[in-house]
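Residue numbers (our numbering), protein chains in the order written: chain L, 1 to 203; chain H, 1 to 181.
Certain hints may be false.
Examples of chain H residues lying across from chain L (beta carbon under 7 Å, computed) [said to hold, decoys possible]:
no.: 1; residue: Ile-141
no.: 2; residue: Tyr-144
no.: 3; residue: Pro-151
no.: 4; residue: Pro-163
no.: 5; residue: Ile-165
no.: 6; residue: Gly-166
no.: 7; residue: Pro-167
Please keep in mind that the hints were generated in silico from the structure rather than gathered at the bench. Glycine residues also receive a C-beta, built at the ideal position from the N, C-alpha and C atoms.
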Amino acid sequence: MATETREQFLHQDGRPGGSDLRDSFFTSRYEDALAWARKFAFFQYPFVTACCGMEYMSVTGPRFDTDRFGMTLPRFTPRQADLLLVVGTITHRQAPILRRVWEQMSDPKWVMSFGNCTNTGGPYNNYAVVQGIDSIVPVDIYIPGCPPRPEAVIDGLLKLQERIRRERSDRPVENIHGKQPALDFQAGEAGRLAPGQVKIHDV
Amino acid sequence: MVEESAQPSAPEDPLLQRLRDKFGEAVVSTHSYRGDRTAIIDRGSLVATCEWLRDDPQNQFDMLMDVTAVDYLGRRPRFEVVYHLYSIEKNHRARIKVALEEDDVKVASVVSVWSGANWLEREAWDLYGIQFDGHPELKRIYLYEEFEGHPLRKDYPKEKRQPLIGPGAPEGAADGGESSS
Ligand code: SF4
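Isolated chain L (complex conformation) (with noise of 0.2 Å):
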């Protein structure tokens, strides 16, 4: 039963809430919805260093196509941009940039470490390659693979998603709440995990 014309909302002697008002909203919890609004709306920034940059290229193009998920644009300033994506070999030269890039978005964000050269380093365990971006930046989720396939990326993705609706109190919603976990990370906390930061194997 569809609510249609002003009347409808309204009581007989004119107030507010008339009996067909419980068909058009629904209730919900604040978080929740915030959570729901936020896993669908994901504005991303491309950190594409290396060859994983092409399969990144395919997971959003139009043949798998993460518009589906929310993964929209990506947006080539990080001020705009709360899902960093690391995208390939990270060196210790690059490192600083990384993490500047990461320090000038704006709370919520999240990073996805995509591939094995920011998972661990990858194949290149040397002088010049950080052995895993999580010592720089906080990692949300982790996709294996040399490049990750796009079904694995979206199932990052989807596992990602499912996170950001479980977040709570261990990240803020809103940065009036005065706290920052993520802006607290200390770099050097190699492999430590915020509290309900969950790898992509365990979930």
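Add chain H with the ligand to chain L, keeping to what the hints say.
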């Protein structure tokens, strides 16, 4: 280098033969196999040799493809600097090598011969620590200025890491500009 000169019966490559005729003693040894020719040159004659290779109408090596180095750890001389030459005009190639002792890793820059040598020599300096005398701006090209040592040398510790930020980084190192974000 012994194996490279031990080719007594093979007919000498014409280009290498002319190189020998021209520079005599400065050509330490030569080697060629199916047009893949290599000459080891005395360090002092490198620039003169390169100019001749570039300018002689029969050579016309107008392109320096690469400058790299090899670290023969434990051998003397320890280092070899390798120049790969190509002639666009003649479509032929040559390889020049200069051997360097460990305690004097210096060779003349060939930037004056091929200006493309600029970045290539910086790379060899960065990764092997070869010093090119006369290079206009010999500084690191791939690695950062804070990096110590030359990582492609065979005695560079395999496990050694020199991060700029994060675990193992020096105290107060650049953190990407946390305060200015
Ligand atoms: S994980 Fe593999 S494909 Fe991806 S950047 Fe590293 S080497 Fe390239």
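Going down the list of hints, with the structure as the test:
For Ile-141(H), the suggested interface contact is broken, since its CB lies about 11 Å from the closest CB of chain L, more than 7 Å. Proximity of Tyr-144(H) to chain L holds as hinted, the smallest CB-CB distance being about 5 Å (cut-off 7 Å). Interface restraint check: Pro-151(H) against chain L, minimum CB-CB distance 4 Å, threshold 7 Å, status holds. Below 7 Å, beta-carbon pairs count as interface contacts, and Pro-163(H) has one with chain L at about 5 Å; its hint therefore holds.
The interface hint given for Ile-165(H) holds, since its Cβ lies 5 Å from the closest Cβ of chain L, which is under the 7 Å cut-off. Taking 7 Å as the C-beta contact cut-off toward chain L, the hint placing Gly-166(H) at the interface holds, the least distance being around 4 Å. Hint status for Pro-167(H) relative to chain L: holds, with the closest Cβ pair at about 4 Å, below 7 Å.
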